[in-house]
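Given chain A, work out where chain B should sit, using these hints.
Protein sequences appear in the order of chains A and B.
Residue 0 is where the first sequence starts when you use numbering that gives the first Met the number 0, and the numbers rise one by one after that.
Residue 0 is where the second sequence starts when you use numbering that gives the first Met the number 0, and the numbers rise one by one after that.
Some hints here could point you the wrong way.
Partial list, computed: chain B residues near chain A (C-beta under 7 Å) [to be verified]: (1) R113; (2) P129; (3) D166.
The set of hints was computed from the structure by calculation and includes no laboratory data.
Idealized CB from N, CA, C, for every residue including glycine.
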Amino acid sequence: MAELTLLEAVNLALARALEDDPDVVLIGQDIGVNGGVFRATGGLLARFGEQRVRDTPLAETVIAASAVGMAVQGMKPVAEIQFAGFMYSCFDQLINHAGRLRTRTRGRLSCPMVLRTPVGGGIHAPEHHSESPEGWLSHIPGIKVVTPASPASAYGLLLAAIRDPDPVVFLEPTRLYRLLKEPVEDDGVALPLGRAFVRREGTDISLIGWGAALVEVGQAAQTLAEQGVSAEVIDVASLRPLDSETILASVKKTGRCLIVHEAPRLYGAGAEIAAQIASEALMSLVAPVGRLAGYDTVMPLARLEDDYLPSAARIVDAALGLMAYR
Amino acid sequence: MKTAAQFSVPYFQFLDARGELAEPPPGLALNALIPVYRTMAFTRAFDARAVALQRTGQLRTFPSSLGEEAATVGLASVMRAEDVLLPTYRETGAFLWRGVTPVEIFLYWAGDERGSCVAGPREDFPISVPIASHCGHATGVAAAFQHRKQARVAVCVLGDGATSKGDFYEAVNLAGIWRLPTVFVVINNGWAISVPAARQTACATFAQKAIAGGIPGVQADGNDVVAVRHVVGQAIERARSGDGPTVVELLSYRLTDHTTADDARRYRSAEEVSAAWAEEPLVRLRKLLAREGLWAKADEEALIADNQARLEAAVAEYLATPPQPLTSIVDYLYAELPAELVAQRAELAAREGGHHG
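Chain A with its partners taken away, still in its complex shape (with noise of 0.2 Å):
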């Protein structure tokens, strides 16, 4: 089995995707001949021929407005943005079209395409290249939110948007695509969404993050074993569906958590999953839902990013806090 780094995992998942399936196009900006500006479809223009991977003009609207017309005509379109704060021209789309196509044709259309596009920071990218939008997306009724964590999950994720029957937006993140290899088999195998992944088992604490935060959990949960505190890492993967029962479950278990994102506090994922857990976990609880997240600021350029994100040592600190309540 090949080890794979999450952008290789990606690769991998298009082409299988792309071989299995004529309906599958691929849509985006660079993609062809470049490769994607990551190689995240690196090779696949000669392999499948420019009918199967389309370069696009330099216009985000039409990508995902084109993609929209494609799905419901019963193809399969996967839609590249290069990054996620170019994203929001795609908004309008998936609000006003692709989230309410099934619903307001009372189940007539529907809307089988996928939007790609990295997020998050930490590669020390220009301004408008580090956004976390995934509690704004996850906000909108009829599409699916998912990020994937590890290169295997990128694989088996991204083959399961590619082909669910409703709109999904896949959220790369960014820092990970490079960052790290593990054993991907291309067996062609979907993992599910709306599913939760536990990382690693624990007693104390629930480590509850997604995507890239969850490099800096795993180290934190590292460091914490070493203090004698057992911490359980839940992996949410799909924001929209949310796996609400496998994170109230670890919860229940641990009796303390702690939700850890990238994107800003106010009004973040993290807001939607405390909530729940407050109002169905409460009697388990032993200590406050504790949230680090991103400051509620624009996400600063290179020289203050790194003071911005999560780091392992502010997610020990958090935890040790919570573990003081007994």
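Chain B only, in chain A's frame:
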């Protein structure tokens, strides 16, 4: 200095406001205009009935298409059943021609999603209310046709105001680059709510907005159904044969308010509106058909009676349509109901039980 590029926008009119047919397009079959006239007349009758229903609280906000019957019925009448219509909200005539039922249209404007679950043209898009954001759907639909090597065309209808949005340009641009089988039909009815065409663009025509996308733009008298059918028909056949997209501008006039929630007297003169009535599309077509011996007074009287009977039956059926279950709010959101909606669905079902139990 040299001229880098030069363009022209052709204008077509065959049937003038007096009902005189000058230089008819090749192959014009006057007989084919009879069903077109019938649907235009039904569209106008439907429109009046819908406004009356709204005024009596039996329909919600309704956008009248009074005066635009030649444009909407005309464009639909040259489409094939398997082509896909991507409409906005003022194309009642096109819906009726395509087989959407009056009951479905009433239901939609009454606030019932079943009005978009049309039994007729199943692949047509539902009404797009946000302006111009459906233009890119047409490029996507057309790309699917192209991908599957189907000789089908995506016909996107929009208003003059919609051409001010980037969505329109992005779609025209992409359609040009990919040589997609798309026709963008701009129905220029003179007004985008209260803003006249002259304040919408500094261009002499809306058709010339095609030029920046590298595709042809043509203009026609949108109250002349012969011209509408000619230019839209040519654009559709051009698209179908693989020669790519066209922007068609149809010059018409909105003879009434923007919607039933609008009062057009605030922003335009009675003189302008009464002058526009002299150009309206229905009378000129009727005059032509009468002159050609294809339409008599008795035909008109029978049509009026038929239309009223059809409408009364449709209104009765619409008013008798049972309400949707409350659970339908969530039932169609996803192919499969996600966990977070299971409890909400149960809550809705319980509320429904409370209503009817």
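Hint-by-hint comparison with the structure:
1. The interface hint given for R113 (chain B) holds, since its Cβ lies 6 Å from the closest Cβ of chain A, which is under the 7 Å cut-off.
2. About 5 Å separates the beta-carbon of P129 (chain B) from the nearest beta-carbon of chain A, less than 7 Å, and the hint is met.
3. Residue-level restraint check for D166 (chain B) holds (minimum Cβ-Cβ distance to chain A is 6 Å; threshold 7 Å).
Of the numbered hints stated above, none is contradicted by the structure.
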